[in-house]
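Engineer: Residue numbers (our numbering), protein chains in the order written: chain A, 1324 to 1648; chain B, 131 to 428.
The set of hints was computed from the structure by calculation and includes no laboratory data. It is possible that part of the hints are untrue.
Rough simulated footprint, nothing fancy, chain A against chain B, three-plus residues with beta-carbon under 8 Å [unchecked claim]:
(1) 142–153
(2) 156–167
(3) 209–220
Every residue gets a Cβ at the ideal spot worked out from N, C-alpha and C, and that includes glycine.
Single-letter residue listing:
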Amino acid sequence: MSASIWLQKAGKQAKGLLWGRRVQKAKMIVLGRTLSDGLLAKLAIYALLSIVAYLYLQPLLYMVSTMLKDMSDLLDPTVKWIPRAVTWENLSKAFKGLQYPVALRNTALIALSCSLAQVLVCAMTGYALARLALPFKGLITALVILTFLIPPQVIIIPLYVIFSKLGLLNTLFVFLVPALFGQGLKGALFILIFRQFFRAQPASLEEAAKLDGASSFRLFFRIMLPLAQSACLVVFLFSFIWYWNMYYEPSMFLANGFTPLSIRLDNLEDVLNPSLLGNTHFITNPVTEGTKMAAAFLIILPPLILFMVLQRWFVAGIERTGIVE
Amino acid sequence: MSRPAPYRRKAMEHHAKRYGIGMLFMLPWMIGFSAFVAVPVGWSMFMSLHKVAVVPGGFKYDWIGLQNYRDAFLKDNVFPIELITYFQQMLLMVPVIVIFALLISLLLNQKFPGRFVYRALFFLPVIFATGQVLSELFSQGAGDIPFLDQYNLEPLVRQYVGGELAKTVMEVLGRIVLILWYSGVQILIFIAGFQTVSPSIYEAVRIDGASPWDSFWKITLPASMPFVSLNMLYTIIDLFTFPLNPVLKHIRDNMFKVDTGYGYASALAWIYFAFIFALIAIVTGLFSRSMSKRRGRA
């Protein structure tokens, strides 16, 4: 009698234990061992990120939706996101208004050549600052940082005069020459990135190459530069994007003749509405809004594609460059 | 102490050899620095102390000392106000951007399938968050958050913040999304920064019974403090050239005015630079002090 009661009790306890285990297992799946690897936490992360991403990308969606609207949809305030009829007219108008093929060639030429120059020169300078013997190294490093801090507005007038004396205005070289001499767009930042990268490399590599009789140049171009692939990619992409988007400098140096896309976008309103010359800035004109958005879309399309193709290497590259140490 | 001549020559030769290669590597930068930075900086300072007039065949300089700088604060009734307004906005924008970047990068640092898609999404604005496209979007009024109007937040802000500051807050809130677009690089820096904390520390703390909440405050945040300061500095510098910056517009306008001219515009630019530089110095000072204090405690 007492044995059966005992058995019953034991069975209940075992069941309880089993149940407890099951609850625990379910809890593990839902809540996870730490806060971050449970199902619930993951769902929360997805939800949060999706909401923020939606808000974050809303202007982009706005751009695309406005681009595809026709005249009546643009003027109708009840049509917010989805146009009643999709029209490609805005795109073709923007294509013509920007003189897209020519401007695209100009922009691509500037961005490509200057970025390549910057990768090479900034790598050299960064390497010298990280590894080679230099007099007044601390002072030079401080000067590099200082060039990063000086706003372009401070020195734009003297630069304009210098460039016009050198006869570089309205040509590609107005950007290529400074880039070749390490003073390209945000060049100081890239120098610091390379410096950081080369400092993190083991010194034994160089010593070994030196012992084998490699000259410093050979060492740099054959060993150090290939080693810095990920840093090169990061610098190239950033430089490319920043050159692609820059507006202030070209508005001074490339005002006519060799104009890139960003300047053409600025002039687009005048091209579309010759009667409204001047004073058209910051007046939103619903009629040309669609064309302007189409033009903006055409401008960001090439770097967007480039980024889509390279993004995996890019993010990994940034993590590996040790930019942040 | 003088050594015999041959030794000295040898030492010099040795130095030349040692420094030669380094100098050769630095040469392009040095030429560029003197031609495209040092000369323009000196020139611009020189201009700011003169009244500059454009005459056929060049400039005419009239020495007026610090008059331009004095005028900027005493005569100009736009510049000081715009400078202060923009600084108020900036003091609000910088923490907003950095905190947003920190939160998003914390989320993106978790392990979940498809996170690289999200990483790409949040990095996307870096591609076009500069220049003309952005100011085009600004002027179209894209990028305000819908609940600002829906819940009529303006009186609330006005009540709690009050006065002039409310206007600043509303202005920043009104374009908050586009301001957040400036956090792409910062998010990347934070994510890369989190990788420098070794996972074994988290493991150890968990075994000791710390909750994720604790480990965030005790480990993740202190470890990412250097990156917070780095991001602060980066954000401040980035906002220098914010496309709709009213100060820069004012400088540009004054450049082409006849009665003010390049000299006055240069003076304005230098004042602006001095303010930003002071801000950077303060941020750097604060962070380096708090960090050295922490090191002292540990």
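Engineer: Within the region 142–153 of chain B, is the number of residues with a Cβ closer than 8 Å to a Cβ of chain A three or more?
Structural biologist: Holds: 5 residues of the region 142–153 of chain B have a Cβ under 8 Å from chain A.
Engineer: Quick one: see if chain A covers the region 156–167 of chain B, three-plus residues with Cβ-Cβ under 8 Å.
Structural biologist: holds (count 9)
Engineer: For the region 209–220 of chain B, count the residues whose Cβ lies under 8 Å from any Cβ of chain A; is that count three or more?
Structural biologist: It is violated, with 0 qualifying residues against the three required.
The earlier numbered hint that this structure contradicts is number 3, and it is the only one.
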